[in-house]
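For the protein sequence lines, the chains are A, B, C, D, E, F, G and H, in the order given.
So the first sequence is residues 1 to 214, counted in my numbering.
So the second sequence is residues 1 to 214, counted in my numbering.
So the third sequence is residues 1 to 214, counted in my numbering.
So the fourth sequence is residues 1 to 214, counted in my numbering.
So the fifth sequence is residues 1 to 214, counted in my numbering.
So the sixth sequence is residues 1 to 214, counted in my numbering.
So the seventh sequence is residues 1 to 214, counted in my numbering.
So the eighth sequence is residues 1 to 214, counted in my numbering.
Hints were generated in silico from the structure; no laboratory data involved.
Watch out, some of these pointers could steer you wrong.
Said to hold, decoys possible - Sample of chain B residues facing chain A (criterion: CB under 7 Å; computed from the structure):
#	residue
1	Asn185
2	Val189
3	Val200
4	Leu203
5	Ile204
6	Arg207
7	Ile208
8	Arg212
To be verified - If you want a taste of the chain F side facing chain G, the calculated C-beta under 7 Å gives, among others:
#	residue
9	Gly114
10	Ala143
11	Ser146
12	Val147
13	Gly149
14	Gly150
15	Gly164
16	Thr173
17	Leu176
18	Leu179
19	Asn180
20	Ser181
21	Cys182
22	Ala183
Stated by the list, open to error - Simulated crosslink set (EDC-like; lysine to aspartate or glutamate; CA at most 20 Å straight-line):
#	chain 1	residue 1	chain 2	residue 2
23	D	Lys57	D	Glu41
24	F	Lys213	C	Asp130
25	H	Lys210	G	Asp153
26	G	Lys210	H	Asp153
27	A	Lys210	B	Asp153
28	B	Lys210	A	Asp153
29	F	Lys213	C	Asp153
30	C	Lys210	F	Asp130
31	H	Lys210	H	Asp130
32	C	Lys57	C	Glu41
33	C	Lys213	F	Asp130
34	H	Lys213	G	Asp153
35	A	Lys210	A	Glu106
Fair warning: this is a prediction, and the values are worked out from it, not measured in the lab.
For glycine and all other residues, C-beta sits at the position ideal for the given N, C-alpha and C.
Number of protein chains: 8
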Amino acid sequence: RRCGFTEVVYCEGKSVGSVVEIFKSLSGHGQHCLGTRVSTEQATALTEYFPEIIYNKTARTVRLPRTNQAGTPVERVGKVSLLTAGTSDLPVAEEARETLFWMDCEVDLIVDIGVAGPHRLQEQVHRLQDSDAVIVVAGMEGALPSVVGGYVDCPVIAVPTSVGYGTSFGGVTALLGMLNSCASNVTVVNIDAGFKGGYVAGLITHRIAKARKG
Amino acid sequence: RRCGFTEVVYCEGKSVGSVVEIFKSLSGHGQHCLGTRVSTEQATALTEYFPEIIYNKTARTVRLPRTNQAGTPVERVGKVSLLTAGTSDLPVAEEARETLFWMDCEVDLIVDIGVAGPHRLQEQVHRLQDSDAVIVVAGMEGALPSVVGGYVDCPVIAVPTSVGYGTSFGGVTALLGMLNSCASNVTVVNIDAGFKGGYVAGLITHRIAKARKG
Amino acid sequence: RRCGFTEVVYCEGKSVGSVVEIFKSLSGHGQHCLGTRVSTEQATALTEYFPEIIYNKTARTVRLPRTNQAGTPVERVGKVSLLTAGTSDLPVAEEARETLFWMDCEVDLIVDIGVAGPHRLQEQVHRLQDSDAVIVVAGMEGALPSVVGGYVDCPVIAVPTSVGYGTSFGGVTALLGMLNSCASNVTVVNIDAGFKGGYVAGLITHRIAKARKG
Amino acid sequence: RRCGFTEVVYCEGKSVGSVVEIFKSLSGHGQHCLGTRVSTEQATALTEYFPEIIYNKTARTVRLPRTNQAGTPVERVGKVSLLTAGTSDLPVAEEARETLFWMDCEVDLIVDIGVAGPHRLQEQVHRLQDSDAVIVVAGMEGALPSVVGGYVDCPVIAVPTSVGYGTSFGGVTALLGMLNSCASNVTVVNIDAGFKGGYVAGLITHRIAKARKG
Amino acid sequence: RRCGFTEVVYCEGKSVGSVVEIFKSLSGHGQHCLGTRVSTEQATALTEYFPEIIYNKTARTVRLPRTNQAGTPVERVGKVSLLTAGTSDLPVAEEARETLFWMDCEVDLIVDIGVAGPHRLQEQVHRLQDSDAVIVVAGMEGALPSVVGGYVDCPVIAVPTSVGYGTSFGGVTALLGMLNSCASNVTVVNIDAGFKGGYVAGLITHRIAKARKG
Amino acid sequence: RRCGFTEVVYCEGKSVGSVVEIFKSLSGHGQHCLGTRVSTEQATALTEYFPEIIYNKTARTVRLPRTNQAGTPVERVGKVSLLTAGTSDLPVAEEARETLFWMDCEVDLIVDIGVAGPHRLQEQVHRLQDSDAVIVVAGMEGALPSVVGGYVDCPVIAVPTSVGYGTSFGGVTALLGMLNSCASNVTVVNIDAGFKGGYVAGLITHRIAKARKG
Amino acid sequence: RRCGFTEVVYCEGKSVGSVVEIFKSLSGHGQHCLGTRVSTEQATALTEYFPEIIYNKTARTVRLPRTNQAGTPVERVGKVSLLTAGTSDLPVAEEARETLFWMDCEVDLIVDIGVAGPHRLQEQVHRLQDSDAVIVVAGMEGALPSVVGGYVDCPVIAVPTSVGYGTSFGGVTALLGMLNSCASNVTVVNIDAGFKGGYVAGLITHRIAKARKG
Amino acid sequence: RRCGFTEVVYCEGKSVGSVVEIFKSLSGHGQHCLGTRVSTEQATALTEYFPEIIYNKTARTVRLPRTNQAGTPVERVGKVSLLTAGTSDLPVAEEARETLFWMDCEVDLIVDIGVAGPHRLQEQVHRLQDSDAVIVVAGMEGALPSVVGGYVDCPVIAVPTSVGYGTSFGGVTALLGMLNSCASNVTVVNIDAGFKGGYVAGLITHRIAKARKG
Ligand SMILES: Nc1ncnc2c1ncn2[C@@H]1O[C@H](COP(=O)(O)O)[C@@H](O)[C@H]1O
Ligand SMILES: Nc1ncnc2c1ncn2[C@@H]1O[C@H](COP(=O)(O)O)[C@@H](O)[C@H]1O
Ligand SMILES: Nc1ncnc2c1ncn2[C@@H]1O[C@H](COP(=O)(O)O)[C@@H](O)[C@H]1O
Ligand SMILES: Nc1ncnc2c1ncn2[C@@H]1O[C@H](COP(=O)(O)O)[C@@H](O)[C@H]1O
Ligand SMILES: [Mg+2]
Ligand SMILES: [Mg+2]
Ligand SMILES: [Mg+2]
Ligand SMILES: [Mg+2]
Ligand SMILES: [Mg+2]
Ligand SMILES: [Mg+2]
Ligand SMILES: [Mg+2]
Ligand SMILES: [Mg+2]
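Chain A extracted, bound-state conformation (with noise of 0.2 Å):
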């Protein structure tokens, strides 16, 4: 599992019982958890017993949905960019996506706006000004966060994808470009790491939110 943060539940290579008897517990103990890399037999079983669950299929994500004392739902806090290169970076974008929404935290997605179509980013430049935190999810050659880096003055949070064919190396070319990205306000998390990417965003996110608040 991973460290630190009981209620999120790396579901690779966990039996479909065992994920269900882990949410059953987690849930019970009021901790309204995130699962990860789930798979559909695993979210279909997690479905029948939670039928308000939310299954992203693309993110291969489940949460329980998080509600307030009242019961209505809580209110997201701050504002998240998230940017990918290209369509096919999108189950990874949408892990971090899901990520934010179990952090309570506003999310605004735009998808397939890589830098050799140079015209598509800058048209979306002015969405960007207001965020916390930018998170760039890209394959290839990696380069997007550092075009990004030069228009924001926040912290870019770069997500190298395995998206590639030969010298792509299942992503390690994309990482290699973001970790030497000659802008200053560019850091990386692992290959395909969509959920640390989103889980740092959102730490930051959240402390801006409480100062804001006094």
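Go by the hints and put chains B, C, D, E, F, G and H with the ligands onto chain A.
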């Protein structure tokens, strides 16, 4: 130079003359420059021209002190905890610290608390509790960020260093360890990139400080 | 086959028939064999022929129980502590445990005490104090052996596993972390080599036990 | 020396004496030689013998000027745009430029327009429109060719440089980024291979120029 | 999607339905699309809707035929020579050939003339003499572009393939061989990137053709 | 510094002054220090202050002799066999030997018995029979531990060295060979890590010695 | 197919039909073909057409028997010793053996004499003494060629295999060990390249046999 | 020193004194030693003691001339062809040549016939026809052995060199190209291993020569 932030001068491979020229020009435009990877010769020449310049020999940085209109030094905001696993990681940590001072952030530096002496970190954990962000600088196996990540709930920015021998591969082993950290709140920058680690922590701190001010 | 210790059969890639033949022949010579990397089919065929055989599905091992001349099971000697960072590391740990049982060593298994939840290890540290050797099984960043190494003064045998994704590179990252451990008492074996980890720990234990007997 | 074009002398590792001998012999056969990777000592010796030789210290090249039968310098044909991401990429760009001059091609050099300052490239884009070929020289993450490729419809020859530190791996990261460019018009040469980049651009230019003449 | 040239559809990982939709939409805008990495299912569905579509099973491409206003097919321009080292390199070569046909370029394909049978290339060398560009597709040691480069004075675009076993490393060895070619006129694209090789050769051809027209 | 055993000083990169200070302080606390990776300058300065210090120039170590309360040297316990494949591996072996002397262990050093002269090892095999542990130091292909492992039934600690050229990759080839040893009793430490190899062998020896005493 | 020797057919990835066609055509020209990497389906189809064909399932080869003009089988010349470290290396050794039979060479195969059981090789050493060449096939750490090289004074052709797990990296570790062999008479071929190993040994044998005949 | 052949002294890293001692001792036992990787200082000292010694500065070798009982030089046997791709490969080729002279073999050296100038090799092919073995020394893309392999039917021993820059990776690219050669008669030795290449060719030559004598 680092891209996007014209007041930071990456001095590696620049002639003494041209470094002095850049600093003259930037400070003429009212910018209080930061210089990184500064050689002894470059530092000497800059000190001659700018007697007030702050030269950190370990960090290999120079920076012009910032004053507000009344001529008094600008106050520092927020708090960044800056940890190193060993004493040899100090130069990279000092580069991060100088970057944070240049950004007017408060820094709490704790040196040589690597994982193989577990009591050393435990004795210092209380100092991390109210940090806006934590920077962890480590070479060799790069395990410290994972342990620190389990103690705090703010972003941990991991800076791998080239300290080690044999299969430390000039910092690659530490980098890989950090990217695969089982702590969800750890992001990573390039090997020996103290500047980048400090810069991202500084951005987070300023956003929280600004929110606090309302 | 494993060189030098003919009674251990590496079953990967051997036909069901030839595995049974080898076991028949070895047990005919009075050897109580250990089989590793056993498939379900191989295990079924062996169980049919040797109903008393002990099959560990998680470990993928089989072994014939050892009895002394009086027909009672041989007593276990010494104590090896066997730790895993996560639940997914269990199959490799079980291979080590079965190897130690086959060598008639006492084993104390502690699962899922990875570094990002630092209290989990601390609560168990007292159990390590009187060990002859400690085996630490970990994937991802492979940081656990370094931390454990700081708590004990016996040899720590680190077994990297292929657990992880992206830049975990099938266990290479964990292996590199362990080789670069800042703890002086850590040695390393191949990725997923539970057998080897258990075997070396067993050798150490037996030498100490023999010395105790005088 | 470079294979196939005997008038180009690769001077690295050749003695001063033998370099002078080669130039004497080639110019005696009426060839206006290009020398690359020339040391200061080699350049000094060549200048003594050939006072008209053109030595570019940054490029580390020498070349004998070409004149037509009337003794006037040969006119330059076509246009190659030559871009660098940073100032440190200049030596490699200069090697490309000298190669193009030696091939009698027109060159438009634009320095330091890396992706993290996106406005810098946009301001210069108009200068690329009528190029026969574009050469892009970049180190670190090597993202510039992808962005440039989106603006032009001629071949883009990407030259990775060894500029960077840590995981830039002496230019490998830039090379991989360029090979995985999402722009369809990008081809790649070896790290720091300014000569090759210039040479291929020159070949394209000459074929177009020849076609223009009919 | 491939950036900048919206009429090329990279079909890998897209659903049958969405591929058909993209083709309908693009052809509705008068674009004669090229589709690459097309599966059998995608090809069948497209052929149903566009009976005139040209499907190349080896190349895994589809394209809509282009006609001029009079309804007759557009004439092909220029000449690209397209060589393969072995028969197994054919699929990658076919992807390049289809790309060139889609760009209305003439192609001369010569298969299986690898370096270990030196007479095979020599017998064909006369066919390369009047090419605008030469594409060389090769796996294993990737030596053919170097030899070809010595026979022609136009750009040679080398396309490494994943053909080989053991240390061919899925095309990396061929790629490295090509990047280090001692022939000055060789540039390189990604492993198995037939589309990119064809596209760049097509761009060169069109520029020469345009210049010829004056 | 090496974690956990404060009396071992890793002198690489420390100033002469600070090394002397550390030794003064540690010996003031009654600790008989070991220093590794000691430079000639550091050794000279230490010898001036501690005339009784034992400096091993080949091993690059210094250590203060240990005496019992009566002032006589402490007796050595157990027996570690220490083998090298070649003469060039000696410095790493000497570092291991000094570590073992510092731990008061008996050492039997056998140099230059690499596998390509098979009779050399066979003639010495009898000397290994009663060892508590065997350390094998080897560069190049690192094959010696596998052969030795077949002759003994105690743990074999393999120390790869950076001896070799070309594809020896600074010791990586020897390391990989050792990790993949077909002998079950071989564990491995980092490249050139003579200290670690000696330390682990010393720990095993002491545990056996203690058990012997009862 | 393997280049240069048209009678050897590399069957991997060829259709059953085209393999049969190639064999018909070659045997029609009087060539007694060798086929390598043959699938079961290909073998079945070939056997139907050529009932006399020799199919070795382990080697994955087929070959047409060679007869002299009198119709009797051709006599075998010379002697090649063919050794494997383990049983799992047999398929690669069998490919070498079939290649040697096809070249009419005598072969002495000795299986499973890896280095960790040192007596196994010693008992067989007398069989190597009069060999023209020795082929050593080994996976894992690839140490056997070094030891064998020390016993013989003829060329040793080392064939690394992909046998192993974890850091055996599909044969790369064995390959590196063999390239760095401290025995001077060891040369190396590609991973799993039994054909190449056999072919080179066969060439040496024939040259010696020819010289013997005078 | 090289293992197994005590008369070859690997001088790298040995002191001048100890090299002279080894030569004195070996020549005292009647051995005509070969020394490789000899420094200028070592060569000078050896020449003083053995005025008849043959020092090859390019090859970095020394050897004592061999005479038969009558005091006349021993005749050379067989013929090895020794080819280099470029001039920079000469030192490695010279090491091979000196090794062959020391073994009393005839050598035909042909320099600078790399593949990019295809006519150069063709003009020399006739010189290869009657060789016992061919050695091909090449750096950069290492393509020459494949082409040579297609022209001859004796073993080709490929020696990769560290000549090149960027992605030549110190000879790794040349090595990989040679291992993946599509010519069946190519075997490979370590990078820059001129001695080994020469030694194996010499062994083959002597076996043929011996067979000729009957
Ligand atoms: N997709 C993911 N990638 C990386 N870490 C994750 C992911 N999903 C969950 N985690 C972490 O894994 C832990 C749970 O692991 P487990 O106990 O195996 O379910 C959580 O505390 C998270 O920190
Ligand atoms: N899981 C394992 N990992 C590594 N080595 C093993 C394993 N299981 C058995 N061995 C070794 O393999 C040898 C048996 O191999 P085999 O003769 O192929 O059955 C034994 O002598 C052991 O040393
Ligand atoms: N086989 C291919 N290899 C590399 N790039 C391709 C290939 N096929 C299409 N492309 C590029 O991918 C873009 C379309 O990608 P998509 O929008 O995902 O269909 C096009 O503009 C092309 O530049
Ligand atoms: N040669 C060496 N190789 C690896 N670790 C060492 C070496 N020498 C000392 N150490 C370790 O480094 C620590 C001392 O580091 P330091 O405090 O920097 O002197 C000790 O506790 C040892 O564990
Ligand atoms: Mg896109
Ligand atoms: Mg420390
Ligand atoms: Mg866990
Ligand atoms: Mg710049
Ligand atoms: Mg072919
Ligand atoms: Mg030796
Ligand atoms: Mg075996
Ligand atoms: Mg040349």
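Status of the hints after comparison with the structure:
Interface restraint check for B/Asn185: the shortest CB-CB distance to chain A comes to about 6 Å, inside 7 Å, so the restraint holds. A distance limit of 7 Å between C-beta atoms decides the matter here; for B/Val189 the minimum to chain A is near 6 Å, and the interface restraint holds. Interface hint at B/Val200: satisfied, since its Cβ lies 5 Å from the closest Cβ of chain A, which is below the 7 Å cut-off. Checking B/Leu203 against chain A: minimum C-beta separation of about 5 Å stays under 7 Å; hint holds.
Interface restraint check for B/Ile204: the shortest CB-CB distance to chain A comes to about 6 Å, inside 7 Å, so the restraint holds. Contact between B/Arg207 and chain A, as hinted, is supported at the beta carbon level, the nearest pair being about 5 Å apart and thus within 7 Å. Evaluation of the B/Ile208 hint against chain A yields a held restraint, the C-beta minimum of about 5 Å falling below 7 Å. The closest approach between the C-beta of B/Arg212 and any C-beta of chain A is roughly 4 Å, which is under the 7 Å cut-off, so the hint is satisfied.
The closest approach between the C-beta of F/Gly114 and any C-beta of chain G is roughly 5 Å, which is under the 7 Å cut-off, so the hint is satisfied. Among the interface hints, the one on F/Ala143 holds; its C-beta lies about 3 Å from the nearest C-beta in chain G, closer than the 7 Å criterion. About 5 Å separates the beta-carbon of F/Ser146 from the nearest beta-carbon of chain G, less than 7 Å, and the hint is met. With a least beta-carbon distance of about 5 Å to chain G, the hint placing F/Val147 at the interface is held under the 7 Å criterion.
About 6 Å separates the beta-carbon of F/Gly149 from the nearest beta-carbon of chain G, less than 7 Å, and the hint is met. With its C-beta approaching chain G no nearer than about 4 Å, F/Gly150 sits inside the 7 Å limit, and its interface hint holds. Given the 7 Å rule on beta carbons, the hint for F/Gly164 holds: about 6 Å separates it from the nearest Cβ of chain G. At about 4 Å, the closest approach between the beta carbon of F/Thr173 and any beta carbon in chain G falls short of 7 Å, and the interface hint on this residue holds.
A cut of 7 Å between beta carbons decides the hint on F/Leu176: the least distance to chain G is about 4 Å, and the hint holds. Residue-level restraint check for F/Leu179 holds (minimum Cβ-Cβ distance to chain G is 5 Å; threshold 7 Å). Proximity of F/Asn180 to chain G holds as hinted, the smallest CB-CB distance being about 4 Å (cut-off 7 Å). Interface restraint check: F/Ser181 against chain G, minimum CB-CB distance 5 Å, threshold 7 Å, status holds.
The interface hint given for F/Cys182 holds, since its Cβ lies 4 Å from the closest Cβ of chain G, which is under the 7 Å cut-off. Interface hint status for F/Ala183: upheld, as the beta-carbon distance to the closest one in chain G is roughly 4 Å, under 7 Å. Only pairs whose Cα atoms come within 20 Å are accepted, and D/Lys57 paired with D/Glu41 is accepted, the gap being roughly 11 Å. The suggested pairing of F/Lys213 with C/Asp130 holds, with an alpha-carbon distance near 17 Å, which does not exceed 20 Å.
In summary, the hint linking H/Lys210 to G/Asp153 is supported, as the alpha carbons are separated by about 13 Å, within the 20 Å threshold. A distance of roughly 13 Å separates the Cα atoms of G/Lys210 and H/Asp153; the hinted pair therefore holds under the 20 Å criterion. As the CA atoms of A/Lys210 and B/Asp153 are separated by approximately 13 Å, the hinted pair is consistent with the 20 Å bound. The straight-line distance between the Cα atoms of B/Lys210 and A/Asp153 is roughly 13 Å, inside the 20 Å bound, and the hint therefore holds.
Restraint check for F/Lys213 and C/Asp153: the C-alpha separation of about 18 Å stays at or below 20 Å, so the hint holds. With a CA separation close to 13 Å, the supplied pair C/Lys210 and F/Asp130 stays within the 20 Å bound. For the suggested pair H/Lys210 and H/Asp130, the alpha carbons sit about 17 Å apart, so the restraint of at most 20 Å is met. For the suggested pair C/Lys57 and C/Glu41, the alpha carbons sit about 11 Å apart, so the restraint of at most 20 Å is met.
Between C/Lys213 and F/Asp130, the direct Cα distance comes to roughly 17 Å. Compliance with the 20 Å bound is thereby established for this hinted pair. For the hint pairing H/Lys213 with G/Asp153, the CA-to-CA distance comes to about 18 Å; that is within 20 Å, so the pair holds. A C-alpha spacing of about 15 Å is found between A/Lys210 and A/Glu106, which places the hinted pair at or below 20 Å, so the restraint holds.
No hint from the list above goes unmet by this structure.
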